[in-house]
Structure formats: structure tokens, C-alpha cells
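J.: Work out the full structure, taking the sequences as your base and the hints as a guide.
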Amino acid sequence: MSKNEAELRHKSVQVSSRPITASIMITVGLGILAFVLALSVSVGAANIDLLTVWESIFHYNPNSTEHSIIHQIRIPRSVADIAVGASFAVAGSLMQGMTRNPLADSGLLGLNAGAIFMVALCFAFFPGISYNFLILFSFLGAGLSVALVYGIGSLSRKGVTPIRLVLAGSAVTALFTALSEGVSIYFNLSQDLAFWFAGGMAGVKWAQLKLVLPWIIAALVGALVISRSITVLSLGEEVATGLGQRTKSVKIAGAVIVFVLAGASVSVAGPIGFVGLVVPHITRFLVGVDYRWIIPCSAVLGGLLASLADIGARMINAPHETPIGAIFALVGVPFFLYVARKEGREMQ
Amino acid sequence: MRWFVLSMFFLFILLIFFISMNTGETPLSPNEIIYTLLGGGTSFQHLILFEFRLPRIVISLLVGAGLAVSGCILQGVSRNALADPGILGITTGSGLMVVLFLAFFPPELETPIYILPFLSLIGGIITAAVIYLLSYKKQEGILPIRLILTGIAVAAAISALMTVLSLRLPPQKYDVLAVWLAGRIWGSNWQHVISLLPWFIFIFPYVLYKSKVLNVLSFGDNLAIGLGVKVEKERLKLLLAAVGLAASCVSVSGGIGFIGLIGPHLARRLIGADHVFLLPAAAFAGAFLLILADTIGRSILQPAEIPAGIIVAIIGAPYFLYLLAKTDK
Chain A
109 MSKNEAELRH KSVQVSSRPI TASIMITVGL GILAFVLALS VSVGAANIDL LTVWESIFHY
169 NPNSTEHSII HQIRIPRSVA DIAVGASFAV AGSLMQGMTR NPLADSGLLG LNAGAIFMVA
229 LCFAFFPGIS YNFLILFSFL GAGLSVALVY GIGSLSRKGV TPIRLVLAGS AVTALFTALS
289 EGVSIYFNLS QDLAFWFAGG MAGVKWAQLK LVLPWIIAAL VGALVISRSI TVLSLGEEVA
349 TGLGQRTKSV KIAGAVIVFV LAGASVSVAG PIGFVGLVVP HITRFLVGVD YRWIIPCSAV
409 LGGLLASLAD IGARMINAPH ETPIGAIFAL VGVPFFLYVA RKEGREMQ
Chain B
1069 MRWFVLSMFF LFILLIFFIS MNTGETPLSP NEIIYTLLGG GTSFQHLILF EFRLPRIVIS
1129 LLVGAGLAVS GCILQGVSRN ALADPGILGI TTGSGLMVVL FLAFFPPELE TPIYILPFLS
1189 LIGGIITAAV IYLLSYKKQE GILPIRLILT GIAVAAAISA LMTVLSLRLP PQKYDVLAVW
1249 LAGRIWGSNW QHVISLLPWF IFIFPYVLYK SKVLNVLSFG DNLAIGLGVK VEKERLKLLL
1309 AAVGLAASCV SVSGGIGFIG LIGPHLARRL IGADHVFLLP AAAFAGAFLL ILADTIGRSI
1369 LQPAEIPAGI IVAIIGAPYF LYLLAKTDK
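Protein chains in written order, with this note's numbering: chain A, 109 to 456; chain B, 1069 to 1397.
Think of the hints as simulated: they come from the structure by calculation, not from any bench. Take the hints with a grain of salt, since some may be wrong.
Okay, derived cross-link-like pairs now, DSS-like style, lysine-lysine, Cα gap no bigger than 27 Å in a straight line [as the list claims (entries may be wrong)]:
#, chain 1, residue 1, chain 2, residue 2
1, B, K1394, B, K1305
2, B, K1278, B, K1301
3, B, K1205, A, K450
4, A, K450, B, K1206
5, B, K1278, B, K1298
6, B, K1298, B, K1280
If you're wondering where the values come from, they're calculated on a predicted model, not measured in any experiment.
T.: Have a look at this one:
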């Protein structure tokens, strides 16, 4: 109960938000996103100019190779970039808001590794399982990790602290990664699973997207619906209870949304960390602490960043692909260290 | 009691040593092994035992012992129960240098194996320095838990860097990286053993000689200063020794984490906190664990093998979680 904490509470009770900045951010963000989307469709092993992209969308010619590249490979990939980026970012902001943990991210807390472990198990024991079930198992895996990480984080007498959670998350990640690798070697699945270990949007197909997108969209809408309650929860559990909120049901709803977002994204793109850490911080810095604005802005910014990173992934070392997860890690780690240092004292 | 524990460890290692020599595509019976070791046996048995299995076993013993002692020093110096060269990212920094060298060294020239530990050491020292600086705060010094947090983050960045760099490699060199990342003991001939030995011969006795200092340091800085120990200087020397051991181990094995965590803890449980006995016991425990992990990894699904690093992580990560739940700082 130091001065710090009193100061923090004082700061956060006046929920400062900047709706105008937020609205501008969403509109401008969507505009830039449209441009980046076009760019992302045109850039790749074969560069296709924007005019052809335009034509392929409005005057589709099934005989043109370029048109079919655009339809079969580029557009699904670009849509996946946006969906996955938005999901990880919104999952991150939900987690950061609900638990008041500035270091929350689905990669750092082990959700991604848990989802992959479940995917590996599916491949080993139910080969030929439908993609729908794979996604469900992926949700389960994310949930399993959260249960483990929070369970272990809260075992200690000092209770759950952000740093303890990240440490538990990294150990759970190490465990699940080792187990998945073990399973993949044991059942000789290295080829099938290599894609999930490395991560990336290169192989995304329409068939996959059709199954995953409804989940992601539903979860994003769900996040918007509970965003007001998240803001209240982010003021602290006592304050939320004092304001008459049923914190338990909000937390459960939030957790389910996080599992769905993280699990669905991992099933499309593999483990991509740090998006969920970086984006909410930038958004909070720009639009204030009202989650009704943070969540839509995070979604836009997350989609934008992932699209840009994926364009980078194709261009850095063309014609080879650089794993997008590595790009995010290189950008995200300095950011992580900065956040951990700045807010370090409150987190111990 | 202490001597009893040490000799028990020794017996267990000896037991697994024999089982491990027995394990592989061509099974050799214990009798055949002893016979071959004593100079008999067919030339084929000779080849398998002396050129394939023994070097690898010796390397896993040395690497296990080295990593455990390195972890023991780190835990003592930083008074941090969670310290381990793997978790702190020191081995990842070393690995980056090794992988860079193996990747870009022209293949026409024969790779000078003896250079690897030195390169590895440079990588380890740079990484350790970066982690130390990043987790240092003027008012608070180094908080144990922040040190670990920084280490994990730095390790994540370095492995991402490895991944990005690896794409520029031709496929056969890419394998080097994949093997390293999986934590496989890849050094497999006597040259690797010889390149590792000098480091152990110099650093082990030095650390044992300093074990009293390590005892004092683990009581806390104030007490250590009161007892007339030059804290900063001694800490730096010991850290250097720890990085040296970890780095030389990593130059012949992959990134194996958690041995430096479990080895010392197991030893401390059995033998107490006095470093005079703790250090040798940790070395035995680490050697025992790694040779066990390597033997299990080789025997589960022959002829393929599960890298020792994976087996160690499956045992080590839950133990880390257990320690995390127990520690309060």
C-alpha cells in the first residue's frame, strides 16, 4: 500500500479517454489498411502491379495466371494477416485489461505453445481430423496453458504478479514446445508440424479461412460487447465490485474470448508473440484507458502491423520468406524490456 | 554422509554409463562391453564402442557437469534460485556465435574445432554483459527476478535473430542450426572431447578453490564485505568462470537448458549448501541427468533419436514452475 499504488489508483480512476483521437485513428487506420492490403496483394515472389490487382477483383479472368495467384494465394494471405494481427492484439488488450498486467501477451503467457501442443496431439492420435476439430483443440490448448500459468502464478504466497506470470509462461512454453517436438519426432510428424512451429501466413488457404473467420469475427464482436466491463475491471477488482459489476462472469467471458482469439490465430498462423504485447501499449498511449476505444483501435493497429510485417517478411530476403514470428520477436523484445523496466516496481 | 551421497552419484553414473554403452542400433551385451574395453572384442565392436559411443558419452558427462557447475555458481553469486545459463540466455548467445561461425566459415577449410569454445565464450560474455546492464537499476541493483526476465527476453531476441540469419544459409548448413536449437549433443568424436577438456581442467579446480568465497557471497553482500571479501571483484571472476564453463559446453552440444537449474538443486537437497561439497555434487548430478536424458532419448525410438535437450526440458520446466511457486522474491 505504498504511495505508488495510491497514486496509480488515483490516476486510473479518472478514466481518461480521447474519443476524437480514437475515431481518427480508426478511420485513418482503416484507410491505410486498405492501401496496405492492396500493396500486400501485389508484393511477392511475382510482383503484380496494382492495376492488375484491381482488375482481378472487379473483372476476374480465370485464364490469367496472375489473377489466379491473386485469388488463390495473395488475397487469403492478406486477409489472414489482418485477422491474425487483430486477434492477437485484441487478445493482448483483453488480458492486459482484465488482469492489469502490462506484460500480458498470448505468446509470453504460453497460450500459443499450449495451442500448438494440442494441434500436435491431434496430428499424432487423430490423423485426418477435420479442421474444425483442430481449431477446437487449439482453443483447449490455449485454455490449458492459462490454467497452468495462473494456477502456478497464484500458488505462491505473494500471489499473482506480472513478472511471475511471465516466468511461469516461459516455462510452460518451454514444456509444451519440448512436448510437441517430442511428439512430432516420436510419431514422425516433423514435416506436418514444421509449419506450426515456425509460424507464418504463407500457406493460408480459403478453405481454412472460411472455418476460422467466423470464430474470429464473433470473438472480436464479443470483445467489443464486454469492452465497457473490461474498462471497469481494469480499475481494479475492488473498484469493479464496488461499482456493482459481476466480475466473475466478465472474467469468464473475457477468458473464453481470449482462448478463441489466440487458439484460432495459432491454428492459422502458428505461434506469433509480442503483437499482443506491443499493440495495446501503443493504443493506450494514443487513445487513453477506455477499453471501448482501445479494443477497436487495437484491432485496426494489430491488423495493420501484421500486414506490414508480412510484407517485410516477403521482402527482407526475397525470394525466401522470413518467419513473421521472428520479425515480431526482434521488434517486440526491446519493447518488452522497456515496459518491464518502466513499470518494474509496481510489478514485483 | 556427504561422501556417501557423492559415491552413490558415482555409482549411478557408472550404471547408466554401461546402459548407455549398451544402447544403440547394434546392441552389445555387458560382457562384450567389458571384454572390448579391456582390449578384446572384434574390430567392429571396437569401432562402435571407441569411435561412436564412448566419445558421445564422455561429452554428455562433461557437458552435464559443466552446465550444472555453471548454474551452481550463477545461483550462488546472484542468490537466485532460478538462475541457469540456459534460462538466462547465456548459452543462446554462445550458440549464436557457434552457429554463425559454422555457417559462414568456408567449408573447404577444415573447421578448427578448438576455436569454437573461444568464439562461444565471446558470445556468452557479450550476452551476459548485455543482460547484466539491462537488468541493473541504480537504486535497486540487480533484482533476481528481473535478471531472469531480462535473460528470457534477450534469449528470445537472439533466437529470432538466429532464425532470420539461418534463412541465408544453404540447406546443409541450416541443419547445424536446427540441431543446435533442438538441444542435441552433436559433438561426437574425440576431438570435441579434447577441445572441451582444457576448459574443465582450468576452471573446475579454480571454482573449487573459490568455493569458500562462494559460500560467503551467498550470505549477502553486506556480510561478505564485513568478512573482508572484495565482493565486486570476486563476483566478476566467478561469473566469468560460470560463463566460460557454459560457453565451452555449448560449443559441442546444443542449447540445453534446465540442467544448470536442476543439477545444483538436486545436489543441494542431498548435500546441503556448503559449496565445498555442493560444487562436486552438482557436477555429478548434472552429468548423471544429462547422460540419463541422452540415453533415454536414444533408446525410446531407435534408430531415430529424441534430442537430450527436449527430454531435459520436459523434466526441467515443471521443476522450474515448482521452484517459481515456492520462491517468494
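J.: Looking back at the hints listed earlier, which ones does the structure fail to meet?
T.: 1
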